[in-house]
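Number of protein chains: 2
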Amino acid sequence: MSSENILIEKLKHTLRDYPDFPKKGILFKDVLTILKNPELFSELIKEISNYEIVRNSEAIVAIDARGFIFGSALSLFLKKPLILARKPGKLPGELISNTYDLEYGSNTLCLQKDSLEGFNKFCIIDDLLATGGTAAAVEDLILNQSKTVTGLVVVVELQDLEGRRKFKSPVNSVIKF
Amino acid sequence: MSSENILIEKLKHTLRDYPDFPKKGILFKDVLTILKNPELFSELIKEISNYEIVRNSEAIVAIDARGFIFGSALSLFLKKPLILARKPGKLPGELISNTYDLEYGSNTLCLQKDSLEGFNKFCIIDDLLATGGTAAAVEDLILNQSKTVTGLVVVVELQDLEGRRKFKSPVNSVIKF
Numbered sequence: 038m039s040s041e042n043i044l045i046e047k048l049k050h051t052l053r054d055y056p057d058f059p060k061k062g063i064l065f066k067d068v069l070t071i072l073k074n075p076e077l078f079s080e081l082i083k084e085i086s087n088y089e090i091v092r093n094s095e096a097i098v099a100i101d102a103r104g105f106i107f108g109s110a111l112s113l114f115l116k117k118p119l120i121l122a123r124k125p126g127k128l129p130g131e132l133i134s135n136t137y138d139l140e141y142g143s144n145t146l147c148l149q150k151d152s153l154e155g156f157n158k159f160c161i162i163d164d165l166l167a168t169g170g171t172a173a174a175v176e177d178l179i180l181n182q183s184k185t186v187t188g189l190v191v192v193v194e195l196q197d198l199e200g201r202r203k204f205k206s207p208v209n210s211v212i213k214f
Numbered sequence: 038m039s040s041e042n043i044l045i046e047k048l049k050h051t052l053r054d055y056p057d058f059p060k061k062g063i064l065f066k067d068v069l070t071i072l073k074n075p076e077l078f079s080e081l082i083k084e085i086s087n088y089e090i091v092r093n094s095e096a097i098v099a100i101d102a103r104g105f106i107f108g109s110a111l112s113l114f115l116k117k118p119l120i121l122a123r124k125p126g127k128l129p130g131e132l133i134s135n136t137y138d139l140e141y142g143s144n145t146l147c148l149q150k151d152s153l154e155g156f157n158k159f160c161i162i163d164d165l166l167a168t169g170g171t172a173a174a175v176e177d178l179i180l181n182q183s184k185t186v187t188g189l190v191v192v193v194e195l196q197d198l199e200g201r202r203k204f205k206s207p208v209n210s211v212i213k214f
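Line by line, the protein sequences are chains E and Y.
Okay, so the first sequence: first residue is 38 according to my numbering, each after it adds one.
Okay, so the second sequence: first residue is 38 according to my numbering, each after it adds one.
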């Protein structure tokens, strides 16, 4: 097995499944167990840092809130600037925002208007890609500012939900289910 | 000036003030500007990693959600396990939780019940110490499990609000206002 495949197997064994969370019928993949194993967390960040999507970016946009964990570690590791995409009411100053539909209701994500200034190419990072609405909303926010998105990186992709089809730029996931 | 003082001055100049956020009468200190300067972010994480509170801990407990940024980077830097204290509805599995009073209403923070297993000494990290209710609630959660809290580390402390008086263990803040 390649070192990449060994890492993926280790990660798969470390993730924990929670049936019916956050609601009935959904099998939740908990990535927090990775964080309790610092060596594995470090290997994961190193692996992600080699992705072209990340290497080609000038800054990292991390999605509220588990995306912050992987985005921040990657930012420190690569010395690339980190920008946060947050839910309403969390960011001060002038904001740009995008509202997207969910199965029930809708969600909104915001960026500080001047947070993209000084950079042109952004990678987006989150823990999990499910239906893809959140990541696609952040991608649109960046594209609407006439900036480039090098792609989306997630730790876990739930392939059945076809979230990557909502995303215009390339998608790279470490673990696929 | 010592290198520590030079860092503090640089950080103070980088923080941005937002009057009346999140509500009228509050001067919000935005730490996100630090993240756009990777060298400064890296220096900050190195500085925090030298604190006795951090060195004496076996694991880091980061508070939802800006605490995740500094906790995650510190976890990667020091190869110490990271545990998240989150708002209700965000963590799967069996939880322990603590509800505390705010000026208006109340807040609850949760830990996964088995997240503290295997470690005895925890440092708590957050971006900002204001009235201190959140950090004190997390401290109590840990102490109630018969575990030790080495202390609380924050990037910014608003000294007028005397938040550190609510905390039983030592507190170390990088920037004091």
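Hints should not be assumed to be uniformly reliable.
[Stated by the list, open to error] Straight-line alpha carbon distances no greater than 30 Å define the calculated BS3-like cross-link-like pairs of lysine-lysine that follow:
#, chain 1, residue 1, chain 2, residue 2
1, E, K213, E, K73
2, Y, K116, Y, K213
3, Y, K205, E, K61
4, E, K60, E, K203
5, E, K184, E, K61
6, E, K73, Y, K116
7, Y, K184, E, K124
8, E, K184, E, K203
9, Y, K205, Y, K49
10, Y, K60, E, K83
11, Y, K60, E, K73
12, Y, K60, E, K127
It should be emphasised that the hints constitute simulated quantities derived from the structure, not laboratory data.
Under the constraints set out in the numbered hints, which ones does this structure not fulfil?
Violated: hints 3, 5, 7, 10 and 11.
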